[in-house]
Every structure is written in C-alpha cells, then in structure tokens.
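Asks: Sequences are here, hints too, so could you generate the full structure?
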Amino acid sequence: MVSAISVVLLFVIGIYCILATHNLIRVLIGLEILIKAVTLLLITAGFIDLNMALAQGLVITIIVIEVVIMTVAAGVVLGIHRHYNSLDVRNIRKLKG
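Heads up: take any position in the sequence shown, counting from 1, add 194, and you land on the working numbering.
No wet-lab data here; the hints were simulated from the structure. Quick caveat, the model's predicted, so the values are computed rather than measured. Watch out, some of these pointers could steer you wrong.
[Said to hold, decoys possible] Simulated restraints on C-beta separations:
| hint | residue 1 | residue 2 | range |
| --- | --- | --- | --- |
| 1 | L203 | I263 | 32 to 38 Å |
| 2 | L272 | T238 | 32 to 38 Å |
| 3 | L213 | V266 | 30 to 36 Å |
| 4 | I257 | K288 | 33 to 39 Å |
| 5 | D282 | T255 | 31 to 37 Å |
| 6 | M195 | N245 | 39 to 45 Å |
| 7 | H216 | A247 | 40 to 46 Å |
| 8 | D282 | M246 | 42 to 48 Å |
| 9 | S280 | V196 | 36 to 42 Å |
| 10 | L248 | R284 | 39 to 45 Å |
| 11 | K288 | I242 | 47 to 53 Å |
| 12 | K288 | M246 | 45 to 51 Å |
| 13 | Y210 | L272 | 21 to 27 Å |
Every residue, glycine too, gets a C-beta built ideally from N, C-alpha and C.
Replies: Here it is in structure tokens:
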C-alpha cells in the first residue's frame, strides 16, 4: 500500500516538474523522477507476483537505458545553453533558424 502511494506520488511530481517549468534542467529532473516511479512500480509488481528475478532484470535494464538517455539529454541541454545562452524554453522557442 505504501509503495503504491509512493509510485503515484512520484509520478505526479515528475509530471508536474515537466509541465510546470520552463527550465530544461528541471525538465530533466522531472523525467528522472518519472523513470524512478516506473522503476519502483516494476519492483512492486515483481514483489506482488513473487517474480523478483524478472523485476530485477527489468529494473537493471531500465537503469542502464536511463543513464544513457540522461547523458545524451544533458549533452543536448548543455549545447543549447552554449548556443543560445539560456535554458528557458520560452526564449529558445522565439528563435528561428
């Protein structure tokens, strides 16, 4: 029960971080929180179904994919910051070219 509440709470916090901010770093943090909610959901499902080996394998795979995605996304955000000198999505949308 506590785990289900935690998953829902993390999911809502992650969605809020993504939708409510204009800073690209905060969007990445929100995405990270969302992925952690999915990871916790998989562990909880594996515990309930008594199939922890499959859940652990899936979680390890998700963690590896998450690290690669976050590294590439952080590189893209860093490139955007160097090029536009801003991390505000509103300022970046105004630019053309």
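Asks: Now tell me if each hint is right for this structure.
Replies: Verification of the hints:
1. L203 / I263: 32 to 38 Å: At 23 Å between Cβs, range violated.
2. L272 / T238: 32 to 38 Å: holds, 35 Å
3. L213 / V266: 30 to 36 Å: Hint violated: Cβ distance 22 Å, outside 30 to 36 Å.
4. I257 / K288: 33 to 39 Å: holds, 37 Å
5. D282 / T255: 31 to 37 Å: holds, 34 Å
6. M195 / N245: 39 to 45 Å: Violated - the Cβ-Cβ distance for M195 and N245, about 20 Å, lies outside 39 to 45 Å.
7. H216 / A247: 40 to 46 Å: holds, 42 Å
8. D282 / M246: 42 to 48 Å: holds, 43 Å
9. S280 / V196: 36 to 42 Å: holds, 41 Å
10. L248 / R284: 39 to 45 Å: Once the Cβ atoms are compared, 43 Å apart, the range 39 to 45 Å for R284 and L248 holds.
11. K288 / I242: 47 to 53 Å: Once the Cβ atoms are compared, 48 Å apart, the range 47 to 53 Å for I242 and K288 holds.
12. K288 / M246: 45 to 51 Å: For M246 against K288, whose Cβ atoms are near 50 Å apart, the range 45 to 51 Å holds.
13. Y210 / L272: 21 to 27 Å: holds, 24 Å
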